[in-house]
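Asks: As a plain string of letters, each chain reads:
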Amino acid sequence: MPEFTLANAFLAAARKYVERPALVAGRERLSYGELAQRATDWSATIRAVAPTDAMLVGVFASRSATAYTGILSALISGFGYLPLNPHFPTERNARILALSDVRVLIVAAEATQQLDSLLASALQPLTILLPDHASAAAWQTGHTRHRFIAACDFRRGCIVASGVDADPAATAYLLFTSGSTGEPKGVAVSNMNVGAYVTHVCERYGISENDRFSQMPDLTFDLSIQELWPCFSSGACLCAVPKKATFQPSAFIREHAITLWTSVPSVVSFMDQMHVLKPNAFPTIRWSVFCGEALTLAQVHAWERAASNSRIENLYGPTEATVASTGYPWNPEFSSADCINGIVPIGWSFPHQRDRIVDSEGFEVAPGQTGELCLAGPQVTAGYLNDPIRTAERFVRLPDSSELWYRTGDLAFRTETGCMHFAGRRDDQVKIRGYRVELQEIDAAVRRASGLDGVVSLAWPVRGGSADGIVSFVCGTDELDSLQVLERCRTVLPDYMVPSRLLVIPTFPLTANGKVDRRKLTQMLSGEAG
Amino acid sequence: MMTREEITARVRQWITTHKQLGSDAGGLEDGTDLIASGLLDSFDFVQLLAFTEQLVGSEIDLSDIDVDSFTTLGGFCAHAAGQTQSLTPSA
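First to last, the sequence lines map onto chains A and B.
Count the first sequence with numbering that gives the first Met the number 0 and you get residues 0 to 529, in order.
Count the second sequence with numbering that gives the first Met the number 0 and you get residues 0 to 90, in order.
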């Protein structure tokens with residue numbers, strides 16, 4: 000039995016389930032046999048053109064058949080993949096390309112509009128594979144520094160038992176997270192890291208070839224890993240959510256009989272506000288997995304009404320420890336009592352992962368006490384790409400432990416049962432007129448005072464690193480009596496923590512990854528001030 | 000009960016004001032895709048939905064919408080008008 004790599008796992012499933020559906024993306028429907036043949040063909044071309052010292056192949060694409068085939072072909076060739084989102088700013092994509100030292104780039108039709116500007120900004124000469132183009136002549140004429148290969152010039156490959164140079168320690172994918180300094184941080188995840196995750200998740204959710212996965216998060220977001228690889232390792236079908244349907248995926252879920260749903264919790268709130276979470280609206284879903292931000296009790300209730308045959312789990316984890324390291328399986332009978340301030344716990348570590356909640360010296364705190372959550376185990380990556388300083392800050396040895404721990408920067412505490420609760424960010428602390436304030440505490444107070452679930456507080460206005468006050472955004476209707484809510488807040492919060500204003504909005508703006516877009520909320524305030 | 004034309008006029012006015020289109024509002028055709036054109040994001044769209052629901056006096060059911068046509072100005076207004084008509088008691 001070969002060691003786990005993403006390429007090996009896919010190729011094994013492709014051999015076993017040749018005729019079964021592997022992918023639905025737009026108008027394309029590919030069986031495992033067809034997808035494996037196409038990816039193998041492309042990989043023959045990649046191997047022919049990639050420099051011998053290359054580690055990664057870039058995939059400039061977005062949830063299309065070309066995107067998934069490109070990813071698979073990179074892996075089958077023995078490389079890792081670097082996803083690039085065509086909708087991200089060119090400058091950011093070019094910077095990521097340069098940081099990653101990518102020299103082969105697969106470009107899908109949906110990204111060609113942005114390709115000109117990307118190539119103009121790219122620092123290194125690239126070999127561009129254009130599987131959706133019959134000819135590369137026009138591109139070659141316009142960009143002589145780069146080399147272009149269109150579909151008609153691709154080689155034909157022969158499906159092999161496993162990927163070339165399938166090394167478990169090699170990078171499987173490279174994702175960039177936003178860095179506090181403004182420079183994106185690259186997290187290289189090895190086949191070993193992701194193998195530990197995928198193997199566990201397949202068992203945890205009992206995934207089989209009969210499952211149908213939705214694929215909604217962008218490929219640059221590690222929540223996509225939770226969908227792609229348990230699916231392609233098990234012979235299940237991946238159903239890519241078209242861009243327009245990400246806006247309102249309820250019809251998509253029904254049309255494709257999705258059995259395994261993954262999203263950030265904000266998507267639930269959004270769908271609820273669109274009035275589409277009707278009773279038993281999604282009877283085919285058997286597991287619903289939420290990850291990426293705090294899951295609220297109200298979101299769970301709204302979702303369990305619509306996906307009434309589904310079990311629900313709240314996952315927690317940073318990209319640096321491969322998608323998720325802890326989980327809280329929701330129990331409709333008992334779990335409400337485990338929620339604190341209307342927030343679902345992050346639960347317990349996966350069996351192969353370890354966690355410690357530590358104080359500022361790295362010593363474990365007692366149950367009930369809040370500290371920084373640190374993670375260890377086979378999912379923890381080796382650090383940031385070409386960044387030994389930030390790697391040394393975050394990937395550390397803890398007292399009485401010989402292994403490497405990742406300091407998440409997240410605060411947490413555990414109850415006597417060992418169940419962990421998220422308690423905010425170490426670095427989300429703000430100062431209001433010199434007082435130290437945790438915004439989550441204000442969110443919880445406004446939540447209680449308003450009876451509404453969706454609350455996001457911001458320090459505003461900020462001057463010289465300190466803020467004059469707090470503005471709380473509340474997701475609700477104009478009927479909310481803001482003055483009364485603020486009066487109630489004054490009864491539980493010191494003066495400096497009481498929001499100066501409540502702004503009632505019908506829904507929160509979301510980022511490309513579906514998280515609440517705090518930057519846009521801040522822009523709303525800036526717009527008012529301007 | 001509002002007609003489709005009345006709803007369209009009010010929705011067009013809401014978008015023009017909300018997005019501060021000014022003289023650019025002339026480009027807002029029935030076939031304009033409000034999302035794909037970048038005119039509205041999901042946040043704006045839910046606000047538009049809330050406005051339209053208030054306008055027609057009822058909840059707009061989006062459970063089985065055709066996402067390809069629903070996000071055009073014309074498609075959105077037709078859907079809103081259709082919902083209103085379906086709620087009108089028959090004579």
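FYI, nobody ran anything at the bench for these hints, they're computed from the structure.
Warning: the hint list may mix true and false statements.
BS3-like, lysine-lysine: derived pairs with alpha carbons at most 30 angstroms apart [said to hold, decoys possible]: (1) K243/A x K18/B; (2) K277/A x K243/A; (3) K243/A x K15/A; (4) K18/B x K242/A; (5) K18/B x K15/A; (6) K18/B x K514/A; (7) K277/A x K242/A; (8) K243/A x K519/A.
Asks: Hint by hint, note whether the structure agrees.
Replies: Each hint, compared with the structure:
1. K243/A x K18/B: 21 angstroms, holds
2. K277/A x K243/A: 21 angstroms, holds
3. K243/A x K15/A: 34 angstroms, violated
4. K18/B x K242/A: 22 angstroms, holds
5. K18/B x K15/A: 53 angstroms, violated
6. K18/B x K514/A: 23 angstroms, holds
7. K277/A x K242/A: Given that 30 angstroms is the threshold and the Cα spacing comes to 23 angstroms, the pair holds.
8. K243/A x K519/A: Since the Cα atoms of K243/A and K519/A sit roughly 21 angstroms apart, the hinted pair holds (cutoff 30 angstroms).
Checked against the numbered hints given earlier, the structure breaks hints 3, 5 and satisfies all the rest.
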